[in-house]
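Going down the list, the protein sequences come from chains A and B. Residue numbering for the first sequence follows our numbering, starting at 1 and increasing by one per position. Residue numbering for the second sequence follows our numbering, starting at 1 and increasing by one per position.
By construction, these hints were calculated from the structure, which means they are not laboratory data. Since we're looking at a predicted model, the values are computed, not measured. Honestly, I wouldn't trust all of these hints.
In the DSS-like style, the derived pairs of lysine-lysine whose C-alpha atoms are separated by at most 27 angstroms in a straight line are [said to hold, decoys possible]: (1) K281(B) / K24(A); (2) K216(B) / K230(A); (3) K31(A) / K153(A).
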Amino acid sequence: MKIAVFVKQVEDARTVRIDSTTGKASTTGDKVMSPGDAVAVSDAIDLGEATGGEVVAVTLGPKEARDVVVDALATGAASGIHVVAEDADQGDSRVVANALAAAVRDGGFDVFMTGPETGDYGTGQVGRQLAEALGIPHIANVQKVEADGATLKVQRDLDGFPDELEVSGPVVLIIAENEEGPKRHPSLRGMMQAKRKPVEEVPASETMSTPLSWGAPTAQRTSADQIMLKDVPAEEAAAQLAAWLREHRLVG
Amino acid sequence: MSEERGVLVLGEVFVGMLSPHTHEMFTAGRDLAAELGVPFTFAYLGSEIEEARNQVGELDPAIQIVTRELEEEEPYVWQAWLDAADAVVRETNPRVVILPGTTIGADYGPRLATRLGYPMTTYVTSLGVEDGGVVVTRNILGGRAQTSIRCEPETPLIVSCEPGLFDPSPIGNIDAVTLQDVFAELAPETSGDAPVKAGPKLTDADRVVSGGRGMKNEEGIRLIEELAEALDAAIGSSGAAVLQGMLPHDLQVGSSGVVIRPKLYLAVGISGTPQHTWGMKDSQYIVAINKDPNAPIFQMADFGIVGDLFDIVPALIAELKG
Ligand SMILES: Cc1cc2nc3c(=O)[nH]c(=O)nc-3n(C[C@H](O)[C@H](O)[C@H](O)COP(=O)(O)OP(=O)(O)OC[C@H]3O[C@@H](n4cnc5c(N)ncnc54)[C@H](O)[C@@H]3O)c2cc1C
Ligand SMILES: Nc1ncnc2c1ncn2[C@@H]1O[C@H](COP(=O)(O)O)[C@@H](O)[C@H]1O
C-alpha cells in the first residue's frame, strides 16, 4: 500500500511563557513535530511494513518545516513532499487542506493518515477537510489499523464506544493521540539514511490568505510571581509550599 | 422572508432527544443574531425527529424552524449528517452557522466547511460582534493561552463551540436539560467505604482542595481528604473524577458543576481543561500539583509542583500538621 502521512511543524506548546504585566503569551520559538502527528507517523510505518508498501511524509509550511519531514524519514518514511508556504498557521484550515490535497491527489496513494489536531493552533479540521477535498471517506478517532490483504481493519473509539470498521481503497484515517506516544522514533541510523532520501519541494496551489484574522495570544490568567518547582524532592517541595501557604495566610 | 443572511443553529437530536449541547447552541445563536440584528433560524437534525418536536415548544414566531430526519447508519458515518446539514445551509443561506462542538459535529463540520467553501473555527468559548464582523475567542496551545479570531463582515462563517461553556436556554416552553443533570445522572454511586468527610461547604469555603483523575484509587482519595482536613478546606472534584465514581457530583467544580472563587484553590491530579477552569479560574490563589509538567493547569497556577501526588501530598500533610 502507498501511504501518505501528514505532519505539521508547530511551536512547542510546552515553552509557552506568559508576560505577567501584559498578559500576552509567547513561545520561545522552538519548533517540533506536532505530538499527535508523531503517533500517525509511527502507525503509518507499521502499516507500510505490514503491507510491503511505502510511506511518504507530507508537510505544508515555511522552509524550516522541512525538519519535520526529515524526522519522519529518520523514523522510517521513504520520501517526503514539502508544500512550501509561509504564514499558514493562523489562517483557515480549509485552505491548508486544499493545498495538501492538491499535492497528493495524483500520487496513487491508498491511505492518507493524519493526527487528530495540532498542538499549536489545532483546529481538528485538516484531516476531514483533506478527505472532502479528495472526495473520499474518512475515519476519525482511530486507535489501531491492520491490513488484511487489500482491506483495512480499523479500530476506533467514539466517546468510549469502540467499534471496528473494514474499508478498502482510498481513505483518510485520523489517528487518535495516545498516552504512551509513538512506538517508533527517529533513530541515529535513520538520521543518516534520511539524508539520502528524496524530499520533493512544491509550491502551494493557493495563497494562504483568508477572511479570518487572528489576534495575539493572551493568557487566561496570569500570576505576577509564579513559583514552579520541578525536580525538587517531595519533602523539600512540600516544605516550600507549606511556607508559602503560611506566608499568604492560606492555612486554616 | 427577509433577504438578510441570518444565524443558523444546527441542533442535534439523538434517537428523539435534543442533545444538551443544543440548548447551549440555541443561546449562542439567538444572542449572536440579536447582536448582529439579523434573523435567527433554529434547525435540528437527527433520528426520530418526531419525538424531538415535542421538546420544542412555542417559539418566538420570528424564529424560523427547520428539521431534518436522518437515516442514521450503524456504525456511525459522517455522511448522513453532512448531507442533511449541507441541505439546510443551502436552503437557509445563513451568514453564520453554529454547529455542535460534540464528537459528531467535530466530525462532519469541517467537511461541511470545505464543501461550502466557508471558513470555520472550532472550540469557540465566546461569540461577539465588533465593527460589524463576528469575533470569536478560543483556546490555543493546548489550553495554555487564548486568542480572538475576527471574520470579515461580508464572509459567511461556520463555528463550533466548546461544550459546556454557554448557558443552556429552554427552547420554547420546554426546560433545558442541563449538563449538571447529565453529569449527575452519569455519575456512578461513589463507593460506600470512603464517605467524604464533613468539612466546610464547597460553595462558601475559603479554601478548596480538589482532586482529579490523577487520584487513581482509594488511597489517592484518602490523601485528598486528609489534605483538605489539614488545611480546613472543602473538597472539590474534576468532572472526570466524578464520572469515575471517585467523588460525588455535588463536589464537581466547573461548567457543569459549581463555579467558585475561594481564596485558595489547590488542584491535585487535575489537568486543567476549559470545562474545569471555568469553575475556578477566578480563585484568589491557585496551587497545582501534577506529574505532567505540561499540564495546562500550571499556566494559571501561582504555585506549581511537578511531581507525583502520592509523594508530594503525604509530605505536605506532614508539613502542615508538624
Ligand atoms: C459538556 C462537558 C461538560 C464538562 N463539565 C465539566 C465540569 O464541570 N468540571 C470538570 O472538571 N470537567 C468537566 N468536563 C470534563 C472535562 O472535559 C475533562 O474531562 C475533565 O475536567 C478532566 O478531569 P481531570 O483533570 O481530573 O482528568 P485528566 O484530564 O485525565 O487529568 C488528570 C491529571 O492527573 C495527572 N496525574 C496523573 N497521575 C498523577 C500522579 N500520580 N500525581 C500527580 N498528577 C497525576 C495527569 O498528569 C493529568 O494532568 C466536561 C466535559 C464536557 C464534554
Ligand atoms: N500544515 C500542515 N502540514 C501537514 N499536515 C498538516 C498541516 N496542518 C494540519 N495537518 C494535519 O492535519 C491534522 C489536524 O490538524 P488541525 O486541523 O490543524 O488541527 C494534523 O495533526 C496533521 O496531521
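Results for each hint:
no.	hint	result
1	K281(B) / K24(A)	holds (17 angstroms)
2	K216(B) / K230(A)	holds (22 angstroms)
3	K31(A) / K153(A)	violated (34 angstroms)
When the structure is compared with the earlier hints, a violation turns up for hint 3 alone.
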